Each structure stands twice: as structure tokens, then as C-alpha cells.
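Undergrad: So the chains spell out like this:
Protein chains: 2
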Amino acid sequence: MTDIDVPQVADPEVAAMVRAEVEGRWPLGVSGLDEVVRYGLVPFGKMMGPWLLIRSSLAVGGDLATALPAAVALECVQVGAMMHDDIIDSDTQRRGKPAAHSVFGRQSAIVGGDGLFFHGFAALSECRQAGAPADRVAQALAILSRAGLRIGDAAIREIRMSREICPVPSYLDMIADKSGALLWMACGVGGALGGADDTALQALSRYSDQLGIAYQIRDDLMPYDGTRAGKPNISDVRNGRPTLPVLLAHARAPRAEQQHIERLLADTAAPAAERYAAMSDLVHAHDGVQAAREVSHRHVQQATAALETLPPGPHRDALEDLTVPGRLV
Amino acid sequence: MTDIDVPQVADPEVAAMVRAEVEGRWPLGVSGLDEVVRYGLVPFGKMMGPWLLIRSSLAVGGDLATALPAAVALECVQVGAMMHDDIIDSDTQRRGKPAAHSVFGRQSAIVGGDGLFFHGFAALSECRQAGAPADRVAQALAILSRAGLRIGDAAIREIRMSREICPVPSYLDMIADKSGALLWMACGVGGALGGADDTALQALSRYSDQLGIAYQIRDDLMPYDGTRAGKPNISDVRNGRPTLPVLLAHARAPRAEQQHIERLLADTAAPAAERYAAMSDLVHAHDGVQAAREVSHRHVQQATAALETLPPGPHRDALEDLTVPGRLV
Chain D
-13 MTDIDVPQVA DPEVAAMVRA EVEGRWPLGV SGLDEVVRYG LVPFGKMMGP WLLIRSSLAV
47 GGDLATALPA AVALECVQVG AMMHDDIIDS DTQRRGKPAA HSVFGRQSAI VGGDGLFFHG
107 FAALSECRQA GAPADRVAQA LAILSRAGLR IGDAAIREIR MSREICPVPS YLDMIADKSG
167 ALLWMACGVG GALGGADDTA LQALSRYSDQ LGIAYQIRDD LMPYDGTRAG KPNISDVRNG
227 RPTLPVLLAH ARAPRAEQQH IERLLADTAA PAAERYAAMS DLVHAHDGVQ AAREVSHRHV
287 QQATAALETL PPGPHRDALE DLTVPGRLV
Chain P
-13 MTDIDVPQVA DPEVAAMVRA EVEGRWPLGV SGLDEVVRYG LVPFGKMMGP WLLIRSSLAV
47 GGDLATALPA AVALECVQVG AMMHDDIIDS DTQRRGKPAA HSVFGRQSAI VGGDGLFFHG
107 FAALSECRQA GAPADRVAQA LAILSRAGLR IGDAAIREIR MSREICPVPS YLDMIADKSG
167 ALLWMACGVG GALGGADDTA LQALSRYSDQ LGIAYQIRDD LMPYDGTRAG KPNISDVRNG
227 RPTLPVLLAH ARAPRAEQQH IERLLADTAA PAAERYAAMS DLVHAHDGVQ AAREVSHRHV
287 QQATAALETL PPGPHRDALE DLTVPGRLV
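Taken in sequence, the protein lines are chains D and P. Residues in the first sequence are numbered from -13 upward in steps of one, following the numbering used here. Residues in the second sequence are numbered from -13 upward in steps of one, following the numbering used here.
Honestly, the hints are just simulated from the structure, not real lab data. Hints are all accurate, no fakes.
Computed spacing ranges between beta-carbons, pair by pair:
#1 G299/P / P153/D: 57 to 63 Å
#2 R146/D / S156/P: 39 to 45 Å
#3 S76/P / A258/D: 25 to 31 Å
Since the structure is predicted, the reported quantities are computational estimates derived from the model, not experimental observations. C-beta: ideal position from N, C-alpha, C; glycine also.
With the hints as extra help, turn the sequences into a complete structure.
TA: See the structure below:
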């Protein structure tokens, strides 16, 4: 799981409030489990999840104070998932510093991720005291936990998909659960706490799923389109994970080069930098980048369309703003 | 974390209902994340956690149908914690078969444990549809998540306590959080769903904490007092984890034998079977078993006393029955 950190959409006011909440709950110098928890949370990401949660809540008539503990909950759950993902992917860097398992050891990082999940659910329960009706808290609980299950199921499928080519529809289904459910976790919990009716929740569900797919494709493209300055993240190639540009290049390539792509995915023992360079050549030679951009574009259009049934206003506009090219996708 | 599996207290009716719920939710042949989840849940343990939850709920006036999804939730959360513990402790057997990480790999077992946690919270949310007032679900959510945090904090402390002697009070504090919170998770969630008032919740809190400490001491004693037939579980010695009989023997031993105990804990590279044999001799030579039994006895008495403020009746009697020597402790 990648941190959702898109500078263009950072909302200084929302981010500052969530940061203050986190700093108040886990101040510098906390010990035991909370030391590992704080290490994961601070320095902060761009607070995209909390931002989506709060905007979704306000878009359906909710208020900020009620949603704030849930915004902290969301950050906890997402950081917990990243802490476990870094162990699973053997990624040693996160948010510009060593990953938690590199600092505290694998054992403590497993427990630390678990702790972030339980802190997330504990923070969600605090929405009751912050003014949310109990029924909305129970609904938000169902949404948060079921979204987590979709993400977990996608993680299992992703682990099993590694080292070989898979059909593009299976891949798109997997990332709808991996990244779509990640955004739905934010939009759905915010919507439920804000009192969304079924129509509004369905709109938020379609919006977040489609935007999540597009977001994941943006992430898939990063190693190949030069959008991120500096060293490309070659974690997917290193772990033999197929991504959309690779799958689409494979679909377009003649058989000999298809077999080359298949070998690059399968042979995870070979040096990752060399495999990445060869894969990058093949992706570009067979239009994998452009083809993936076109798929992304279709999903962004569906995300935009989904918002039409939400009540118009500045918060819906803010959600729609993420679909503008150059923003989240 | 050990499975709470005490044959004497198995309640065939409660266990059968929870098993039927689990089998219905995760039938034979489920795939993806749920395949790993089912592997952890089945074959069943003795359902001590679900049993405590349901008895606690009934003891304060709750009903069975409302508590049943929470009983499944509890089993999920506890099995998830065990799945992660087995990775942390490098334990390769669980419930008489290979541990999940031995079968599915470490990566999938991390995700599988996470999935069990999220299934647990999802099942808790279903108590609302099963008839629980939303406020009680929100309260149960707070109790379940905060108990999980106590267990996680204890796990971090336990990891850091390994390979050396620690003060007995620190150890008892740690096991109150490790095993006391494990039972509180059951009793507190059941109590909250059953509509317990503050007095009843406090009684259940004291009961579960004290009984949990005693339960953990029983577990600590197993490798040294021959209560479990067959091969003793030497996981603690293998991982250099101090337990109460070891700490109390150390406190009573002359300096030379104290140093021997310290070396046995620290030198985790030496063969575990030899270290266990030497540790067992030292524990017996300095009355570690008897001294630990006396500590356990005091905590059992406090557990019994805590129940006095609960409404009298068959369910309180059933909870008290666990404190009878030869039952849970």
C-alpha cells in the first residue's frame, strides 16, 4: 500500500487539525506500543484519507467536530496497513525514513500495525462522545471493517499474483479492492457519520472505487513515466508484481517479448535494478504507459459522474476537484 | 498468546452455536483471505472466549441472540492475535496442526491475522441487526478496541523483556495486560451488550483481570508441573522469555544459580531442549512452581471476590465456577 500523498490536494486546515489530534494523543516520548504507533504516524503524510473522510462527511451535512476522531481513526488504520505492507514487501523506507520494521524489528512492527488498527477502532468509538448518534457510529464501524476486509482480500490476491502475468480484468478487480476500498474507507465512514442516505452512500461508493482504481494506476505508472523526481520506486519489479503498464505492454507485445516480460517478473533472484531497466524498455516499446493512462481516464470519468447525485456545494466541488487532471490522478 | 482451551469448562451448547455461526460464515472451500481466516478458526478451540462473553452478557440481563455475533467477533480477534503471535514466536504448531504461517507463508499470515481483526469488528457491528441498541454496540466497540491495545502494549513489553530477568511486579503488570485484557475483552464486550451498569462492568473488569493473571500463571507452570500430557511447550525457554516460576526461582536462588538462570535466558542460540532441561532443574530446586502457585491462588481469590457485586444467578455461578481449583486455574 502506498501512502496517499498528493501535495496538490493537501488542505492545510484539515491536515493541521488532524495533526494536532495525533500529536495530542501520541506526544513525543510515548513508550511501549505507542512509541511504535507514533513512529508510524509521524512525520505525517499528506492526510489524504482524513481529508476525504471529512469532506465526504461535510458534503452530506455532517460537522467537523464529529468527524475528527474518525479522521484520526482512518489515519491509524491506513498507517497500520502500510506498516504491515512494508514487512510483506521488504520495503525499508517509508515517509522519508527507515520503515518501522527496520527500526523496531519485524516482531514489534507486526504488533505496531495491529496496535494502529485497534487505535483506529478505538478512535472511531470516540465519535459517539464527539456528538455522533450511536446508529451512525455502528454504521461507520460496519463500513470501516468491511473496507478493511476488501483490502485484505486484495492483499492476499496480490501476493498470489506475483511473479507472473494475470488477465487485465483480474488485475483491475484486485486494485478496485486494494485502492478503491482504501478511499471508500474514508468516504464511506465520513458519509455514514455525516448522516448520508443510501443514495449519497452509493454515490460515494462509486466515486471512491473509481477514483481508487485511477489512483492505483497513477502509482503503477510512476516508475515508468518520470512523474516522481529522483530514484523510481521499483518495489513492484523487485517483488515480481505485475502492474497495469506491464500487463498492457505484455498484451501488445509479440510473443518473444512477452516471454521476456514473463521472465523479468518470474526471476526475482536477478538484480532488481537491471530487471527494472529492461522492464522499463519493454513497457515503453509497447505503449504500456499510454494504454494505462487511457484506462485511468475512463475510471476518472466514472468517478466524476458518480458525484452528480450528491448535494451540490463546496464540499462536493472539493471531491470533484480530485478528478481534475494533475490532481490525484 | 495461548489458546484458551480448558476442556473442563467447555459448554457444549454455547460452543456448538458459535461453531455453527463460524461454519456458516466461512464454509469449507472459501478462497482468498477467507481461506486463511478459516484455517485459523477451524478446527475450533474450546471457545472459552465466546463462552465468557455470552455468560457475562447473560449474567447482566442480556440475551443470547444479540451476543452471538460478538462471540464470533471475539473468536476472530483472538485467533488473529494468535496467528500473529505464532509468527512472532516462530511457533510452527497451533491447535494440533501447522501454524498458518507454516502453510500460507509469513506474508499471507500477517494479512490473515489482520483479516481476522477486521472480521471481528465487522461481526461486532452485526450485533446492531441482531437486536443490540446502537449505544451498547458503540460501548462494546470501545471496550474491544481498548482491550486489544492493552494486549498489544503487553506484547511489545514482552518482546523487550526477553533474554533477561525482570522484576516480578513488572512481569505481573505485563501479564495483567496480556491475559487479563484477553478475558476482559470477552467479559467487557458481553457485559456492555447485555446492558451492564458501571458497577457490573467494574466487577467483570476486576474478575477478568485477576482470572487472566491466574490463567497466565497456569500457562507458565505447564512446562514445569507436568499438567499437560506429552511434550512440554518450551516456546518461552526457546525465545528466552522469563515466566513467573523462573522469576520466583531466580529470586530464591543463591547468586551462582541466579547467574545460571540468567545465562539460560540470554543464550537463545544454545539448543532449546538442553536449556529447558537445565531451567526445569533450577525452577524445581528453588521452589519456583510452588511459589508461582501461591501467587496464582491470591489472584483467584480476588477474582472470586469481584463477582460478589454481580446479580446472583446461574450465569454468575458459571463464571465463579472457573475459579474452582482444577478448572481454569
